[in-house]
Amino acid sequence: MTDVLAIADHRRGELRDISFELVTAGRELAAETGGDLHVAVISGDTERFGEQLQLDGVDTVHTVEDGEEFNHDVYAQVVTQLFDAVEPQFLLMPNSVNGLDYAPAVANRLGLAYVSDVVDIGVDGSTLTATREMYGGKVETTTAVEADQVAVSIRGAEWPVTDDTGDADIEAFEADVDESAVRSTVTGFEEVGGGDVDISEADVLVSIGRGIEEEENLDLVRDLADALDATLSSSRPIVDAGWLPKNRQVGQSGKVVTPDVYIAIGISGAVQHVAGMKGSDTIVAINTDPNAPIYDIADYGIVDDLFDVVPALIEEFE
Amino acid sequence: MKVLVTVKEVAAVEDEFQIAGTSIDETYLEYDLNEWDDYAVEEAVQLQEAGIADEVVAVTIGPERAEETIRMALAKGADRAVRVWDDALEGADLLDVGAKTAILEKVVEEEDPDLVLSGVQADDDGFGATGVSLADALGFEWAAVVNHLDQDSVESGTASVRRELEGGVEELTDVELPAVLTIQTGINEPRYASLRGIRQAQRKEIAPKTLGDLGLDAAAVENELTLTDMYEPETESDATYFEGGPEEEAAQLADLLREKGVGAQ
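Going down the list, the protein sequences come from chains A and B.
Residue 275 in our numbering sits at position 194 of the first sequence, with consecutive numbering throughout.
Residue 293 in our numbering sits at position 243 of the second sequence, with consecutive numbering throughout.
Don't read these hints as lab results, they were simulated from the structure.
The structure displayed is predicted, hence computed values, not measured ones.
Do not rely on the hints blindly, as some may be mistaken.
[Claimed, not checked] Heads up, simulated SDA-like pairs for lysine to any residue below, C-alpha to C-alpha not over 25 Å straight-line: (1) A:K359 to A:E396; (2) A:K359 to B:E76; (3) A:K359 to B:K259; (4) B:K259 to B:D136; (5) B:K52 to B:G311; (6) A:K359 to A:A256; (7) A:K359 to B:T285; (8) B:K310 to A:D205.
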């Protein structure tokens with residue numbers, strides 16, 4: 082029990098980046114345990130996915146044919162069976178939306194200690210140490226997991242994507258799926274919030290977050306966007322509150338944007354938001370909290386009250 | 051139909067704070083209802099108002115102080131509440147998913163709801179796992195990260211939900227009841243508790259339960275996870291800061307933006 086088993090993630094015919102990040106994380110862990118790295122891909126075009134996962138450091142790729150798309154009832158059963166077959170020390174799963182939908186069930190079924198959304202992992206003797214965030218990212222913690230076998234879900238974009246080809250064995254795994262235990266049905270997918278504006282096409286984005294406090298105050302940033310000839314976008318809470326439509330949301334569950342200039346106003350910079358805008362050429366942040374994580378990726382910062390800075394900025398352009 | 055909502059009191063941390071060992075000093079914490087759970091409560095209350103749910107019960111794991119938070123759920127329309135706490139849980143920095151699952155499983159067995167609603171995650175520990183783990187332990191169906199629930203479908207015994215995937219894509223899924231749904235923010239607009247609601251909440255029952263009351267012992271909530279360190283993340287900022295008061299800062303930023311060709315038209 083020194084091996085590592087990582088479960089790939091895919092959607093609509095494509096392996097997702099997190100699959101290749103899982104390989105990197107798994108390779109690091111396997112190097113520490115001295116075991117093999119097994120990667121499994123379940124459902125979809127497993128033949129093509131299997132070849133794509135023949136990466137440097139991967140010993141075995143297990144392909145499991147079962148339908149086209151993710152179904153948590155199938156995944157929970159198959160991953161449990163794979164775990165019993167491979168007997169790994171560490172089971173790595175993605176902390177993606179699909180990971181959230183099956184990983185806890187697998188951990189429960191196998192009676193495994195489960196540590197989720199980790200941003201770094203290491204092995205200290207036989208103890209797994211996991212780095213996680215708490216309180217919305219205000220602190221980082223180290224958690225020691227005292228168990229022989231552990232289930233872990235990893236946060237996206239924390240490990241580099243790997244694409245170095247290797248010579249892993251590809252083995253088809255015959256899972257015994259109990260169809261009577263499949264009581265969920267995926268009936269389709271839908272793109273949300275097309276709407277009038279495509280923020281992913283904008284050259285300049287004025288983006289607003291919780292710091293705006295009240296819906297009425299949105300007029301202030303609208304005025305700024307007009308003055309700068311920019312497009313208005315926002316972080317999640319503004320869309321959740323119904324103040325702006327979904328097609329204006331930047332982030333993991335919204336749009337990925339890459340403008341020339343991104344002005345983040347009253348946005349703290351939660352990891353889900355940053356995932357959607359870190360590719361911007363120039364990032365400007367205006368926030369009263371000097372420790373806000375948005376400053377970690379900003380090129381320019383103003384630590385001040387947006388209700389003072391924004392009117393002054395509008396004046397500059399009028 | 052009975053709906054059970056799991057709620058959690060979470061601590062919000064002030065901008066400036068100090069860490070004592072593996073926790074944040076009490077002085078810098080403010081307690082509130084977990085944001086995701088607020089949306090779960092609202093969804094349950096809406097099912098009740100639509101005549102689909104006959105009863106909404108809120109359950110929490112927390113010390114006596116947490117009753118303030120659970121009264122918020124009662125003030126918004128939950129009928130009654132169950133609060134589980136025990137000396138065996140006192141002093142744990144972190145309650146792992148297995149422990150929470152073991153406790154909530156017993157409460158669900160006692161209450162026998164048709165639907166359990168839970169926030170996707172709690173803002174303090176951020177595990178994002180209890181709802182799905184609980185469903186699996188109960189043999190219930192489930193769906194995680196739900197941002198729409200078709201109320202009519204619930205009446206017919208199948209929850210038709212939308213799951214919010216990454217990148218602006220939603221998955222349409224049907225799950226058989228009984229089920230646990232983990233609720234994403236934005237699924238609805240959580241109401242503010244009315245004064246009348248707050249007054250009524252004072253008279254609603256919050257039943258305290260110990261592990262023993264649920265037929266559990268301390269071994270059932272033994273933690274395999276130990277918090278060994280807590281620290282402020284290192285800032286990696288190499289940003290250029292504009293300083294000197296709002297006007298001056300705005301002027302410097304304006305220069306930069308003009309240089310980049312912004313607002314040139």
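Tell me the numbers of any earlier hints that the structure contravenes, in ascending order.
1, 2, 3, 5, 6 and 8
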